[in-house]
Amino acid sequence: MRRGVRIRQTIIGILHILLLLGLSCHNTSAAPILNKTMNMSYQLAVELNRSAPALLRLYLSAQGFPFSNDNADMPLCRVQVKCLPKGQLVNMEKNETLRKIHTGVKQFDLHLKNVEVQQMYMNSLKKEMHDELKNTRTQLISLQSNLQFILDNRGYHVPEELECSPEHINIPENLFDQKKQGCTILREFKRYMKQVLKSFRHLLRNAHGKAAVNP
Amino acid sequence: MTEEYLEWAGHCARRRRWVGGAMGAVSGDRVIGFYIRCPPLGVALDGVAVVTQAGPGIAPARAPCRCQSVGSDRCGGYFFLFKTAEILVAAWYLLERTGYLGAIKTMQGYLAITVYLYVQISVCLRTVDCLIGKAAYIIPESPVIALGSQLTASCILNDSFIKENKVDANQIFWNLKGMRISEDNYHTVNSTVSNVTLRLYSVGNSLLTCNVQLNEDQVLTVFGIQITTGLPPEKPKNLSCITYDRKNMTCSWNPGNNTYLPTSYQFKVLIAPNNLKSYPLPEGVNNSYAVLFPSIHYFVFNTIWVEVKNDLGDATSDSLQLDPVDVIKPDPPVITSIQQIKNMSTVLSVKWEKPSVPATYNLKYILRYKIVGSQEWMQVPPEDTDTQKESFLIQELKPFTDYIFTIRCKRNDETGYWSDWSLEKIGKTPEAKPLRGPPIWRTVENLDFSKRKIHIMWKELEKSDANGVILKYKMTIKKSSMNIKTIETTKLGWNITVSDGEYEVTLSASNSAGDSPTEILILPAATESAFLPVQNVSAYPQDGQLMVEWKPSSSAVSGYVIEWCEESIKNLCPGPLFWQTAQKTARKVFIKDNIMPFKRYRITIYPMYRGRPGAPLSKLAYLQQDRPASGPLVRLKNVGKKDVTLMWSEIPVNEQRGFITHYTIFYRNCIANETSPSIVVDAMCREHELTSLKGNTLYGVRVMASTVKGGTNSSEVNFTTLSYAKGEIEAIVVPICLSFLLITVVTILFCFNKRHLIKKYIWPNVPDPANSRVVEWSPSTGNLIQNNLGPKESMNSDGFISDVTIVEADVDEEKYLSNEDEIKQLTSLKKEKSTSEEHSSGIGGSSCMSSPRQSVSDSDSESAQNTTSTVQYSTVLVSSPGYRCQQPSAQAFTRSESTQPLLENEEKADEHTYGNFGSCSSEVKRLYFKQHARIEETNLNEPHPNGAEILGDTNEDNSLRLNQMEVSDQTSDLEGFCPAVDSFQSSNNQTVVKLEFLGFRAGLETDQQSYMPQAVKHNSYMPQSK
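Going down the list, the sequences are from chains A and B.
Using our numbering, you'd call the opening residue of the first sequence number 456 and step up by one each time.
Using our numbering, you'd call the opening residue of the second sequence number 7 and step up by one each time.
Calculated from the structure, these hints are not laboratory results.
Values in this document were obtained by computation on a predicted structure and should not be read as measured data.
Take every hint as true, because none was put in to throw you off.
Calculated pairs, DSSO-like style, for lysine-lysine (alpha carbon to alpha carbon, straight line, at most 30 angstroms):
no., chain 1, residue 1, chain 2, residue 2
1, A, 582, B, 416
2, B, 395, A, 645
3, A, 589, B, 283
4, B, 404, B, 434
With the sequences and hints as input, model every part of the structure.
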């Protein structure tokens, strides 16, 4: 009886070990690419965090008076814009954080797309601003791609559709209002990217320790 | 062929709309080419142009069309039709008539006209189709086949055409590229279809036509297709990318072989499963594509591949997964400044700006620098610059030196590429004190017994030693540790006159940072002996410079001074003196300056013993040698019969252009044109003797002076060897002369011994009538003569003949008669010959040398005449009565050289003479002399010792005196004789007295009877006086 129990326990133990080995092998094979993707995502966050203020400056300077004379904290850039990411990114489970970042990045990408179209009509000759808008969107798309890859690999579902998509928000017909809306979007984007960067630092710190995170 | 281009409507499949284009037509031809011009919209289009509504005989054509910019790209193709002229003309007219050409230029008008044209042309083509009808068609209509693959085409005849022309498929034949295809390649399927099987081995387009033989003469081409041959695309290989930050990401690959077909390339980038971007390559580009910023996705995996496609197939490259950040080649950094650090002459601070890179992109740098003009770069290791700092302090530089700096960068994690080097920037370090004193040297000129003129000279410091700009030199001259003179100068030399004692010269250089250490030169006392010289000095060219090598003689040497000058004259350096120093450890050194090739230099090395020069040692050297500029001057020292000694002078030093190694003598026989083997002699020789030459032969000789680089000939010197060697002539002449002398002596002695005999024949004694005994024997001779001569031919009053010319003396065998016997013998002979020979005595001959001669009367008168014509006259000058003594004298007997012919009356006179002889045979025969000269003055006045008068003409010219023989005659002696005297009157009234010589003497010695004077013809042979 005892012998049978022992044998059973031994077999279970062996299976346990095999299972752990298999899992570890599975994790180790996917880990480098995920780490790499995570690191690239962090660097994208750094880039976006650096480019967002520059983009806002370029945007403001391109809009003319009064935008060009004031900073982003002015009341002009505090209008109501739908479908902006809400809430804090801290104190969440890491995959949830990544999913939320993914959603927020996607929303901002669509917002910036609207701004890009608006600016195409309003300031088609402001090439530097257009390039920076385009570049920012490219980085946002890249970040989305990285986050989706990570989440997909972790088996975390990312919904295809947004709950609130900026594609469907109302675009003011008044150009000044469009500018104010754009200014608000970019201001929020700048603020949001700061949070994203902090989140990534937090995530990476937890994953690899401080040394693994670039400042 | 004429070609027209018509505005046309093309169709781009992707956009599904009609765009503006053009159509090219070839009038009257079956092959129509067209192309679609990109629309003037500035919108990129991708698609395939298709002519969908082709008329009868028109093969629908397809061509890929890609338009990236306005009016730049176009695509085209071919299709076939019959009677195209009507179709195209109709289309063209349609455009013209509608006037929409101008409207095409606008967006709205463009769209309107394209739609309109589409409808119109479709209607037109359909109308034409109805009007024209089809005779046949080929399946497939526009095949594209791979190179070498097989194609089967069918020509199907229209039923109406068959009925109308009464033909069937058996009359079909095929042409490919205008050449008839062999019947083996096609066959008739039925009455309407003919199949052809082809295999094409050339790329490009080929026209295949179906033809019907209507009758023997008439052929109709019923249809044609265009076959396009090419290759399927290869799989692109070696795909790689490089990112130029904020510019582009350029990917390139190897497209493989040419397909010869329109081939499209698609560059694909996949960011996420739902984010695929496809970039078609522009026409003509097949091996690279650049994704422009800001479409480059950083920090995400980009999956990149290339798809290629044509009518024969497609291919896809291997995919490349990369993050564009990892393949960034950053722009080079920009050096913003290079600054000096105060009080640090060996440090420079370099600052730069990093290029634009992603924010998280950390760079490392390579900073390199070098001295301006140098080739060797020094670099700061990348580890030292792998920080966020953008500046660096470079140390251990040389003071007061220009440095060039440049920098490049790369991501610090080793991914990506190094940037290009930045633009160079130059910085200069501050000044520092000179490292050492200037090299110093001197020349000494002894002025007199106790004074020397010293020229102290020094060189500028090398840049590396000067450490700045030298502002001045400080020189101090000491004697016995006492300062004599201190000089500050900017010059590089100083002259000073000193005594013959020992002096010490110190020199230092100063710049803005301070003074250099001093350099010392000791001028030893004139009487002091120098220290040991160096040993084994050699100098040789190396690497285009002159290397001087030596061996030190002492370990106490503190350095060396190498002095050199050009020796243009032997053992003299008239030019400037050059010098340089060498370290004490140096054993060889390159002479740096003022060395020219082909010049001889005298190089002197002085070892220096703590500033004190040692004894010098010199060596001659050339930087580069050449053959001498001229040959030696050759002279002949001695020329003999078989040898000659040559001498030549040394070539001037400045023309030697190298060390003379040897001389070569070339000589040749100029007459036989034989060149003798050359002779090589040592360079020290200046003369040489050539031997084994031929005598009396012209030779040419040259002397070639040679260096290691070759030789130069002298001018040719010619000489002729002697015919006789020295002494050879003497050896011949002396014996000959001696022999001749000996013969002469012997001859003289012989003559001396035989002098009587010679005298007898050459200078016989002339009997002197004065000594004749006849005078004594017949005192009345004068009367007799007087009587015979007649009154007109009176004798000289003295009866003395002063001038007698002997016309002929017939001596015959006459000898010197010295005794009576001989006289008698002669007398007897005379008597025997008296009738025959006596008559010839008056003509020719010398009184002593005439030979016996035939008398005129003895033979015939002609021979006598001949004899007279060659008679020689002899003149006996008797100026004293010496004749009486019968002493013949050379002075009294002179042979006449006259060849004057005898006068004609002479012979007549002979006749008279013979007559006289006949009538007066008892008279003593006498010789008569031509009497034409005057009588000597002295004789004229001098009475004859015998009292006889002198006969002769006192007025006769003195010049004739020597031609006459003076005969003293005593009138008294002639008395009692009957001398045989012939006288005749010459043309110039000269009277010739012919004296019968023979018997004249005999008459003196012999009996009187036998020498009785013969009868003398009257008026002849008598001495006359004018």
